[in-house]
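Asker: Both chains come to you apart, so use the hints to assemble them.
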Amino acid sequence: MNVYGIRAIYRFEMARMFRTLLQSLVTPVLTTSLYFIVFGSAIGSRMTEIDGVAYAAFIVPGLIMLSLLTESIFNASFGIYMPKFSGTVYELLSAPLSPLEIIIGYVGAAATKSLILGVVILVTARLFVPFEIEHPFVMLAFLVLTALSFCLFGFAIGVWADGFERLQIIPMMIVMPLTFLGGSFYSISMLPEFWQKVSLFNPVVYLVNGFRWSFFGVADVAVGVSLGITIGFMALCIAIIWWMFRTGYKLKS
Amino acid sequence: MHAPSSPAAISISGLTKTYASGLTALNDINLDIRPGEIFALLGPNGAGKTTLINLICGIVKPGTGSVLINGHDIQAEYRTTRSLIGLVPQELSTDAFETVWDTVRFSRGLFGKPPNPAYIEKTLRALSLWDKRKSKIKELSGGMKRRVLIAKALSHEPKILFLDEPTAGVDVELRRDMWEMVRKLRADGVTIILTTHYIEEAEDMADRIGVILKGKIILVEEKAALMAKLGKKQLSLQLQVKLDALPPELDGTGIALSADGHELVYTFDAHADDTGIAALLKRLGDLGIDFKDLQTRQSSLEDIFVSLVHAQ
Ligand SMILES: Nc1ncnc2c1ncn2[C@@H]1O[C@H](COP(=O)(O)OP(=O)(O)OP(=O)(O)O)[C@@H](O)[C@H]1O
Ligand SMILES: [Mg+2]
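Chains as they are written, first to last, in my numbering: chain S, 106 to 358; chain H, 95 to 406.
Just chain H, with the same shape it has in the complex (with noise of 0.2 Å):
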């Protein structure tokens, strides 16, 4: 946990928020984002992300409970909480006959700071902007524009980042220019709040991952204990020769014979002290099932994040 003297650059309490459809979107959250980190909100369509992201930054109304933005309620004060945001929507809204350079420009000047030429232009640069500085927007591919809603986002040099599925429809390449720059963010101390439907991408890039499903928070790890936690690993043996059936010999040992019988398949805890490997292997050796190749395979947090969705 954080210390007390640095308050969380989030903090959020008993956060409920219901649509005026009656539909309540966000139900009794309570979580507190620390300072610099990246944190990565996983969720199935409609788990209520958007609607998260969107309270915080003033663009629903707010609901009862309360968010604290490095200790300042984003109501009461939210001239100081709102420039210290950054917000790169999920859907691309952008304007049509502005420039680059000046939808950009008019960002900055939106969210109360001076103009700074230099800013900007090194915030372009990075991004590949700066040949299209001069284009209008309706001009630009959709890649191309998610990349001008990014300059938008860091044209105030915010502190804390959201940035609400921003590989969507996103090439590789831009995608790994865009973690890249989330990287130097953060090395820079910006907070940076991150949904995605890419697990790898949360895998990749976050310190921590929340997951959020039907407007409730059901988890918050670490992200390296989650993957220790929930992570099983798969040992997988192809085999020399097909086999029809699971020997009886190798009945309860968690092992199993997949459908087309060239593969055998064990599952097993890879933090146990005694994974059953070497005995596993030795049995074989007995019943003279031969294998030509072997691999193992750690759970990934997909499949962790599907076991979660489906638990609930």
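Isolated chain S (complex conformation) (with noise of 0.2 Å):
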């Protein structure tokens, strides 16, 4: 195992982050604390309770996955297309590094910043809206694994990317709408059926659901589904960049 190598790595994404500490964290802040005022007290006032949990505190599991989906994308896609972008990738490709330890490093360094941001979204939201935690290991486990599945896939995003825009196109058409729709903002039960049947077809709907039973003991499908498609999708994601690897794709001509 080249530990040097991984740690190299590591500590040259966290350097890369804490240059943009700021547009790193201010930004999710603030629009986390828009999304209060707008949500949680302009319109969750008017809003009843939503399976015996206030309206404000409910949306609190999904927006802290939103940003965490979000941020740990881009991210992660940034950190290995930059090099891509700049040419400075050689540097990995010739050094004596495995797939597996390129992953750790890049991986385990967005998904570190995505942990500091989901908490300080986290104690954002408590600055607005009161609420506890039934479950904080569950919601701790939701956390980092939500963190690494989509560092994973943004990684991989990063690799297929050869723009700018393909940096963008799948947050922002893919995974914000899934987010969206995938119960954010709202109990799919709440849904006309069909929209509840076609909602299940959306990873999104489970690991906010999964998220929020550890909050507050409530959710549209249960836990252990929950669990399960959220390691499904992380293993999904660890196939594709194995393949991605295995055989150079987008990395070696």
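It is possible that some hints are incorrect.
Said to hold, decoys possible - Under 7 Å between C-beta atoms, here's a sample of chain H residues computed to sit facing chain S: (1) Y113; (2) V154; (3) K155; (4) R173; (5) R176; (6) L181; (7) P183; (8) E185; (9) W195; (10) L204; (11) G206; (12) F399.
Claimed, not checked - Between beta-carbon pairs, the in silico distance windows are: (13) S/F269 / H/K155: 17 to 27 Å; (14) S/F269 / H/R173: 41 to 51 Å; (15) S/A246 / H/D225: 23 to 33 Å; (16) S/M277 / H/G159: 44 to 54 Å; (17) H/Y113 / S/Q301: 46 to 56 Å.
What the hints assert, rightly or not - With a straight-line cut-off of 30 Å between C-alpha atoms, the simulated DSS-like cross-links for lysine-lysine are: (18) S/K189 / H/K239; (19) H/K308 / S/K189; (20) S/K355 / H/K207; (21) S/K189 / H/K228; (22) H/K253 / H/K239; (23) S/K357 / H/K239; (24) H/K326 / H/K310; (25) H/K155 / H/K253; (26) H/K230 / S/K357; (27) H/K253 / S/K189; (28) H/K207 / S/K189; (29) H/K232 / S/K357; (30) S/K355 / S/K189; (31) S/K189 / H/K155; (32) S/K355 / H/K239; (33) S/K189 / H/K386; (34) H/K207 / H/K155; (35) H/K207 / S/K357; (36) H/K326 / S/K189; (37) H/K336 / S/K355; (38) H/K226 / S/K355; (39) H/K216 / S/K357; (40) H/K216 / S/K355.
Simulated from the structure, these hints should not be mistaken for laboratory data.
Just so it is clear, CB atoms sit at the ideal spot from N, CA and C, and this is done for glycine as well.
Answerer: Okay, here's the thing in structure tokens:
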């Protein structure tokens, strides 16, 4: 195991994060605060409770997930896309590092950043709304698993992308809609039956609900199913990245 | 040839590389690089120099055939082979926001070496980068960036160093520093493979020279032997009085009159027992052709190279 190599990548990526600390943390915190002011206070005060949870509190897990997904994908994809773009990837490819070590370095750093972000948003949310976390360890497990899965997903996107537009397109065109339609701001039981069925094909529904269960003990789907789907998604991302490295896809000509 | 007990630093056999585009950039390359030598790889644009280097370093996908580094296969034992190799790439690809110090430290770590600030300091000093260690790379000039790439390549104390056109766009001073450094590295036992378009560099620096053309190695020679074998000498005589035409008495002697009529040029084989110079000078004296100056010139590697490339 090339531990020095992993550490070098991890440090490099964390340094990159700390250089942009302001925009990395302030932007999501600001966005979240706006959501609370608009949805939580202005609209939420007119909304009834959902499953016995005040609306403002109900949206907290979904909001954290929303930021976690977008930021994980963004950070991890950027981390590997930049060296490809600037040409410095030559060094990575010529170093005595296995694909696994490269992934641990990049995805580990991106996931660390996502976790920090998740916690910061959680604390921000707590300033706006009172809530308790019923199952803190399950909550943490979901946070870590989601961060890892979507950083892996982002890493794959970063390898695949040959331009900045491509870097944006999947987060914007697929992940954002899925998150908004994934019950972040509502319970899917509020939908007509047909759309409830459709929602069950949206993987984000399981993420958000599993996460919500860890907060309030209520969810639209069983927590075990949520966990299973999250782990399944992670396995899929690992398989894709493994294939990319094995074939040199978009990394080597 | 090297003794069997010390394997070649690099041993390439039957190496063929075809890109996805269908272009065969390397075509059955067979080449042994000896430990501790400076090997210059010459060839025109697109000959396959960078492809060969990048393939050995793991930057392009392997082709068919095999490459051994100190006897280790570059695919099966990539960890061993890559830790032995340092690469200064042809393109100036650097980070922008890192400092010089951080980027060199990063490279050392990447190649699996424990931190060694003293060694990095020594390297930066040797490359006149010490004063710039806290500068961000984007604030450096092109030549400075080139130095940073060299420092990165040396950061993990490689035993084999690839320099892919290290002097492209580099000023005289840096070039001199660089060659001084290369000589020092060689004295420390580092094997160096360089590509260059400046043939005088190969002439100055290399122990052996290889010429690659359209993906094939067409020649590998000791530099000295190459110069001797293919080297022709030229004698030029600047005339006192301009000649309108070559006197018929001189026809068939291998002498030629320059276009302006002020110079006679005689080409001869420097290694022949009888170069014919004495006879020629006597003949000129007999004809009453006086000259005010004369020079001899050894044909350069460039001449040799150009004639080789055109012969193909
Ligand atoms: N990634 C690639 N995909 C397809 N073809 C490539 C690729 N890289 C290089 N080639 C082609 O392979 C051939 C050899 O290129 P290479 O870069 O190895 O030449 P070179 O000898 O280094 O040239 P130069 O002196 O210009 O640096 C060229 O015809 C080039 O167009
Ligand atoms: Mg080249």
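Asker: Run every hint past the structure and note whether it holds.
Answerer: So, going through the hints one by one against the coordinates:
Given the 7 Å rule on beta carbons, the hint for H/Y113 holds: about 6 Å separates it from the nearest Cβ of chain S. Proximity of H/V154 to chain S holds as hinted, the smallest CB-CB distance being about 6 Å (cut-off 7 Å). The interface hint given for H/K155 is met, as the beta carbon of that residue sits about 5 Å from the closest beta carbon of chain S, less than 7 Å. The interface hint given for H/R173 holds, since its Cβ lies 4 Å from the closest Cβ of chain S, which is under the 7 Å cut-off.
The restraint placing H/R176 at the interface with chain S holds, with a minimum CB-CB distance near 4 Å, inside the 7 Å limit. Interface restraint check for H/L181: the shortest CB-CB distance to chain S comes to about 6 Å, inside 7 Å, so the restraint holds. About 5 Å separates the beta-carbon of H/P183 from the nearest beta-carbon of chain S, less than 7 Å, and the hint is met. Nearest Cβ of chain S to the Cβ of H/E185: about 5 Å, under the 7 Å cut. The hint holds.
The closest approach between the C-beta of H/W195 and any C-beta of chain S is roughly 12 Å, which is over the 7 Å cut-off, so the hint fails. At a threshold of 7 Å, the smallest CB-CB gap from H/L204 to chain S is about 4 Å, leaving the interface hint in force. Given the 7 Å rule on beta carbons, the hint for H/G206 holds: about 4 Å separates it from the nearest Cβ of chain S. Because the beta carbon of H/F399 sits about 28 Å from the nearest beta carbon in chain S, more than 7 Å, this interface hint is broken.
Judged by the Cβ atoms, the range 17 to 27 Å given for S/F269 and H/K155 holds: they are separated by roughly 26 Å. Checked against the hint of 41 to 51 Å, the C-beta distance between S/F269 and H/R173 comes to roughly 34 Å, which is inconsistent with it. Range check, S/A246 to H/D225: Cβ separation about 50 Å, and the 23 to 33 Å hint is violated. S/M277 and H/G159 have their C-beta atoms about 45 Å apart, which keeps the hinted 44 to 54 Å range intact.
Checked against the given bound of 46 to 56 Å, the beta carbons of H/Y113 and S/Q301, roughly 51 Å apart, stay inside it. Of the pairs offered as hints, the one joining S/K189 and H/K239 holds, with about 18 Å between alpha carbons and a cut-off of 30 Å not exceeded. Our distance criterion of 30 Å between C-alpha atoms is met by H/K308 and S/K189, whose separation comes to about 28 Å. The suggested pairing of S/K355 with H/K207 holds, with an alpha-carbon distance near 28 Å, which does not exceed 30 Å.
Of the supplied pair hints, the one linking S/K189 and H/K228 holds, its CA atoms being roughly 25 Å apart against a limit of 30 Å. Proximity of H/K253 to H/K239 is assessed by CA-CA distance (about 23 Å); at most 30 Å being required, the pair is judged to hold. Among the hinted pairs, S/K357 with H/K239 is consistent with the structure: their alpha-carbon atoms are about 24 Å apart, no more than 30 Å. Between the alpha carbons of H/K326 and H/K310 the distance comes to roughly 26 Å, so the proposed pair stays at or under 30 Å and holds.
Proposed proximity of H/K155 and H/K253 is supported: the alpha carbons are some 23 Å apart, at most 30 Å. Between H/K230 and S/K357, the direct Cα distance comes to roughly 28 Å. Compliance with the 30 Å bound is thereby established for this hinted pair. Distance check on the hinted pair: H/K253 and S/K189 sit about 27 Å apart at the alpha-carbon level, within 30 Å; holds. Under the criterion of a C-alpha separation no larger than 30 Å, the hint pairing H/K207 with S/K189 is consistent with the structure, at around 24 Å.
Taken as a hint, the H/K232 and S/K357 pair is honoured in the structure, with Cα atoms around 26 Å apart against an allowance of 30 Å. For the hint linking S/K355 to S/K189, the alpha-carbon distance of about 9 Å falls within 30 Å, and the restraint holds. For the given pair, S/K189 sits about 16 Å from H/K155 by alpha-carbon distance, which is consistent with the 30 Å threshold. Of the supplied pair hints, the one linking S/K355 and H/K239 holds, its CA atoms being roughly 26 Å apart against a limit of 30 Å.
Between the alpha carbons of S/K189 and H/K386 the distance comes to roughly 62 Å, so the proposed pair goes past 30 Å and is violated. Between H/K207 and H/K155 the alpha-carbon distance is near 25 Å, which keeps this suggested pair within the 30 Å criterion. This hinted pair checks out: H/K207 and S/K357 have alpha carbons roughly 25 Å apart, not beyond 30 Å. Simply put, H/K326 and S/K189 have alpha-carbon atoms about 48 Å apart, too far for the 30 Å limit, and the pair is violated.
Our distance criterion of 30 Å between C-alpha atoms is broken by H/K336 and S/K355, whose separation comes to about 66 Å. With a C-alpha separation of about 35 Å, the suggested pairing of H/K226 with S/K355 is violated against the 30 Å cut-off. As the CA atoms of H/K216 and S/K357 are separated by approximately 33 Å, the hinted pair breaks the 30 Å bound. At roughly 37 Å between alpha-carbon atoms, H/K216 and S/K355 are farther apart than 30 Å, so this suggested pair is violated.
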